[in-house]
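S.K.: Each chain is listed here by its residues.
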Amino acid sequence: MSNEVYRLHPVSAIISSVKALKSMILPVAIIIISNGFNFSLNFRSEHFFETVLLFGVWGVGAVLALVGGIVKWRTFVYWFEDGELRVKYGLFVKKKRYIPFERIQSLNYHEGIFHRIFGLVKVQVETAGNKGGKPEVELTAIQKIAADVIEEEMRRAKTQIAQPLDVEPAHGQIEEVMVPIIYRMSMRDLLVLATTSGGIGVVLSGVAAVISQFSDIIPYEEVFHEVADFVKVGAFLVALMVMFVLIIAWLLSVVITLVNYHDYTVRIEDEKLMITKGLLEKKRITLPLNRIQAIRIVENPLRQIFGFATVVVESAGGNGEKGGDKKIALFPLIKKQDCLQTLEQLFPEMNWHPEFIKAPKRARPFFYRIDFFWLVPIIGASSYFLYPYGLLAFLLIPLIIFLGIWQHRTAGYMIEGKQLTMQYRVFSRVTMFMEKKRIQSMESSQTYFQKRKQVMSIKATVMSGMTGMTGNVPSLEQQDAETILTWYEH
Amino acid sequence: MRAEPIHQISRKGLTVWRLYGVLQTLLLLVIAALVCYGTYYYEWPSFIYFIAIAVVLLSAFFSAYLFPKIRWERWRYEVREHEIEVQHGLFVVKRTLIPMVRVQHVDTTQGPILKRYSLGNISISTAATVHTIPALVMDEADGLRARISELARVAEDDV
Numbered sequence: 003m004s005n006e007v008y009r010l011h012p013v014s015a016i017i018s019s020v021k022a023l024k025s026m027i028l029p030v031a032i033i034i035i036s037n038g039f040n041f042s043l044n045f046r047s048e049h050f051f052e053t054v055l056l057f058g059v060w061g062v063g064a065v066l067a068l069v070g071g072i073v074k075w076r077t078f079v080y081w082f083e084d085g086e087l088r089v090k091y092g093l094f095v096k097k098k099r100y101i102p103f104e105r106i107q108s109l110n111y112h113e114g115i116f117h118r119i120f121g122l123v124k125v126q127v128e129t130a131g132n133k134g135g136k137p138e139v140e141l142t143a144i145q146k147i148a149a150d151v152i153e154e155e156m157r158r159a160k161t162q163i164a165q166p167l168d169v170e171p172a173h174g175q176i177e178e179v180m181v182p183i184i185y186r187m188s189m190r191d192l193l194v195l196a197t198t199s200g201g202i203g204v205v206l207s208g209v210a211a212v213i214s215q216f217s218d219i220i221p222y223e224e225v226f227h228e229v230a231d232f233v234k235v236g237a238f239l240v241a242l243m244v245m246f247v248l249i250i251a252w253l254l255s256v257v258i259t260l261v262n263y264h265d266y267t268v269r270i271e272d273e274k275l276m277i278t279k280g281l282l283e284k285k286r287i288t289l290p291l292n293r294i295q296a297i298r299i300v301e302n303p304l305r306q307i308f309g310f311a312t313v314v315v316e317s318a319g320g321n322g323e324k325g326g327d328k329k330i331a332l333f334p335l336i337k338k339q340d341c342l343q344t345l346e347q348l349f350p351e352m353n354w355h356p357e358f359i360k361a362p363k364r365a366r367p368f369f370y371r372i373d374f375f376w377l378v379p380i381i382g383a384s385s386y387f388l389y390p391y392g393l394l395a396f397l398l399i400p401l402i403i404f405l406g407i408w409q410h411r412t413a414g415y416m417i418e419g420k421q422l423t424m425q426y427r428v429f430s431r432v433t434m435f436m437e438k439k440r441i442q443s444m445e446s447s448q449t450y451f452q453k454r455k456q457v458m459s460i461k462a463t464v465m466s467g468m469t470g471m472t473g474n475v476p477s478l479e480q481q482d483a484e485t486i487l488t489w490y491e492h
Numbered sequence: 174m175r176a177e178p179i180h181q182i183s184r185k186g187l188t189v190w191r192l193y194g195v196l197q198t199l200l201l202l203v204i205a206a207l208v209c210y211g212t213y214y215y216e217w218p219s220f221i222y223f224i225a226i227a228v229v230l231l232s233a234f235f236s237a238y239l240f241p242k243i244r245w246e247r248w249r250y251e252v253r254e255h256e257i258e259v260q261h262g263l264f265v266v267k268r269t270l271i272p273m274v275r276v277q278h279v280d281t282t283q284g285p286i287l288k289r290y291s292l293g294n295i296s297i298s299t300a301a302t303v304h305t306i307p308a309l310v311m312d313e314a315d316g317l318r319a320r321i322s323e324l325a326r327v328a329e330d331d332v
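Protein chains in written order, with this note's numbering: chain V, 3 to 492; chain W, 174 to 332.
Calculated directly from the structure, the hints in this document are not laboratory data.
Beta carbons: idealized from backbone N, C-alpha and C, even for Gly.
Careful, some of the hints might be misleading.
What the hints assert, rightly or not - Stretch by stretch, here's where chain V covers chain W in the computed footprint (C-beta under 8 Å, at least three residues):
id, segment
1, 176-183
2, 251-264
3, 300-313
Said to hold, decoys possible - Computed list of chain W residues with no C-beta within reach of chain V, every gap over 10 Å:
id, residue
4, Cys-209
5, Val-228
6, Trp-245
7, Gly-284
8, Arg-320
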């Protein structure tokens, strides 16, 4: 095996400098706006110095970003050796990073619009050591063929280790043409996802923000008068307008979802999950099955009614998604029945039809009693200060109690062999499936009042992203909680 | 009922916690004195005096006396062959189990006050969480660190 050294594609120099420049735009824009566009190159003007300073600094920054991008591209090399991915970069301070293939938690391919023009991909390699949410290795832009080489090398390294065991290596034949598709998102799913996700709220607030941006231009006084007339014309028209805005928001949300989740497919290959999605920006996430720490089925109340669920995979790496949550949604939206079947195929050794041991009846008050701590002051204050309408705050009491009862009915756990399943709810119902060997630590907690009633809460933390993911079943029977702890001990 | 973990924190730990409480109260006292001075000088309403005094007294009672006492009585730990068990909490009794095979590394730390009493904190890190046993006698903490890292070495399953 040749230890050929690979480089990034030249375009990566441009991409990384553009990225650096992009992060500079905002501060510069703020300065420009806060200065009120008072710029002048006339050196007699009082703004001359500011202008020169600002554009000078910005210019130097831009040049540095460009140089930085070029230097990074010139110095960055990677190669494969001893079953490791090895990376070397840096001009003055040379950095080397070696990552054994079997330690890779996830491999993400990302094709931005820029990448797609040149037929390139960005590759992110993540391990469990990932701190700060950044991937361990990021190959800014390489040819697609080169990206395939990485996978090829990984596979080869794996088979080389396995070769002494495998008497007859089944390779050399036509490989993985038949990659079974486990899940593909249908149009219906996409529409439901767009409608029931929080995305619609984001879009709404976005629309509101855009409208407020024009607040200077819109003559509010006049509009107000017109609105007053408008209301006279009829509440019907107002309702129509609201409907119209809602429909626009919904359409936008659908479009965004369609673009982001276009052709969302999950495949399984070589004990690895492969998720691809995206219309303009294509993403591909590869995740070894044996690196999965826990699986959560999340059903928000709206989706629960219609029998839909989201399946989230907890893995020790991040997932290359910028910002937002760092979890990998395996199935962003799926009928719960289907998802259980699919999960059963994927992880046959786990029990996907848990029968929960529920929280005892006497634990029920603990689910809403604690809320009165913040509820009472709020109700008191709003009743006092906003007198007639503030009294509406009393409606919170039955709501909170109802939510508490609902949470109580959801809370439960099941232990079977080496598997712990927890179910609980804040608003969305979460069912968390995990294996004993993946649980990093467990904690029981009991207040004085809980102790009197012999109930106990239990928490289990698995590794996920930077901080870990904690499942938390409140107020179980004390004996049950202790059973879980004892189960965990040995 | 599960048995409580056997070991308690050293008695000196209680003294240190009391000391922290006293320091905190002193800080509050300085702030309260400034506020009282301001009240006197600028003739703010006089109930401010009472609030300032009450805050200092409450802090003295709770953070220098009551909380350290409860916390110290509650704190227990036990290092067994396969796991570490820790019990702590003020209003809520929390019990944590950390299997040896999940331990990634162990640290001991010692600040100036702890050093004066030859005490140390020991932090046990797993891949996802960090757990601290505070105010152990330094020799014990070092011994524990060595023992945990010895016991944790048998781990096979990585993340």
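S.K.: It remains to establish, for every hint, whether it holds in the given structure.
M.R.: Verification of the supplied hints:
no.	hint	result
1	176-183	violated (count 0)
2	251-264	holds (count 4)
3	300-313	holds (count 4)
4	Cys-209	holds, 28 Å
5	Val-228	holds, 20 Å
6	Trp-245	holds, 17 Å
7	Gly-284	holds, 25 Å
8	Arg-320	holds, 18 Å
Hint compliance for this structure: hint 1 is the single one not met.
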